[in-house]
Amino acid sequence: MRIYEQLFIVRPDAAEPEIDSFLEQITGVITSAGGKVEKLDKWGIRKLAYRVEKRHEGFYVLLQYSSKPDVVKEIERRFRVSDLVMKYLTVRIDQKLKWLEKRKRQREQRARQKPAAEPAAIPGEPVAQE
Amino acid sequence: MAETKGGKPISASQQTTGTDKAVVTRRQFFRRKKVCRFCVEKIDDIDYKDVKLLSAFITERGRIIPRRLSGVCSPHQRRLSNAIKQARNIALLPFTTR
Numbered sequence: 001m002r003i004y005e006q007l008f009i010v011r012p013d014a015a016e017p018e019i020d021s022f023l024e025q026i027t028g029v030i031t032s033a034g035g036k037v038e039k040l041d042k043w044g045i046r047k048l049a050y051r052v053e054k055r056h057e058g059f060y061v062l063l064q065y066s067s068k069p070d071v072v073k074e075i076e077r078r079f080r081v082s083d084l085v086m087k088y089l090t091v092r093i094d095q096k097l098k099w100l101e102k103r104k105r106q107r108e109q110r111a112r113q114k115p116a117a118e119p120a121a122i123p124g125e126p127v128a129q130e
Numbered sequence: 001m002a003e004t005k006g007g008k009p010i011s012a013s014q015q016t017t018g019t020d021k022a023v024v025t026r027r028q029f030f031r032r033k034k035v036c037r038f039c040v041e042k043i044d045d046i047d048y049k050d051v052k053l054l055s056a057f058i059t060e061r062g063r064i065i066p067r068r069l070s071g072v073c074s075p076h077q078r079r080l081s082n083a084i085k086q087a088r089n090i091a092l093l094p095f096t097t098r
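Chains as they are written, first to last, in the numbering used here: chain A, 1 to 130; chain B, 1 to 98.
No wet-lab data here; the hints were simulated from the structure. All values reported here derive from a predicted model rather than from experimental measurement. Among the hints, a few may not be true.
As the list claims (entries may be wrong) - Label-pair restraints from in silico Cβ distances:
1. A111/A <-> S74/B: 16 to 26 Å
2. V40/B <-> E101/A: 18 to 28 Å
3. E24/A <-> R68/B: 48 to 58 Å
Yeah, the Cβ is synthetic: ideal placement off N, Cα and C, and Gly gets one too.
Same shape as in the complex, but just chain A:
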């Protein structure tokens, strides 16, 4: 199981129920393949940084899920086939999350060690200034 994050842009002129039914289809694909949707976040209509399909605005949707790699293939295929989706980006984030957690643990460890070192450092400072 891997964790993926997909940010995609839906046509801004699409009706809300249309988008919802499409999202349901996608989540259905994930859950039926044994994956799990972790986050589904509709950002709403945003300005695009450049023109895509002759449009300056887009409806952003962020989808985060854990699944096997072949699910991504299927979802990307659906994105390509559907005329609702203008653009999509898939990022695998489980390695990044792991790395972030490691960094966080290191930070905490260092913070725990620091209080012991600090009393020694503070008397040293005035000496340096003088």
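Given chain A, work out where chain B should sit, using these hints.
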């Protein structure tokens, strides 16, 4: 001839000494050690979705600001540039703006 000969060396020597001092002092005055913003603020996660943060590291034209100008350390610059490129791909940041 004599005038130019006499005039040049004096003025040149005066100028060089004068400017040299000025340059040295100015440099010492203006040079400040740049520090990596991500190291200082302890931002581990440089996310491509964080447009506000990323847009501080691109020029008006949409180019990535080089490390020598922004002072970002190399591990963070690597992550930063990757994030900017991802953001460009999904139309959060421009490739170019004219």
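Checked hints:
{"no.": "1", "hint": "A111/A <-> S74/B: 16 to 26 Å", "in the structure": "25 Å, holds"}
{"no.": "2", "hint": "V40/B <-> E101/A: 18 to 28 Å", "in the structure": "22 Å, holds"}
{"no.": "3", "hint": "E24/A <-> R68/B: 48 to 58 Å", "in the structure": "50 Å, holds"}
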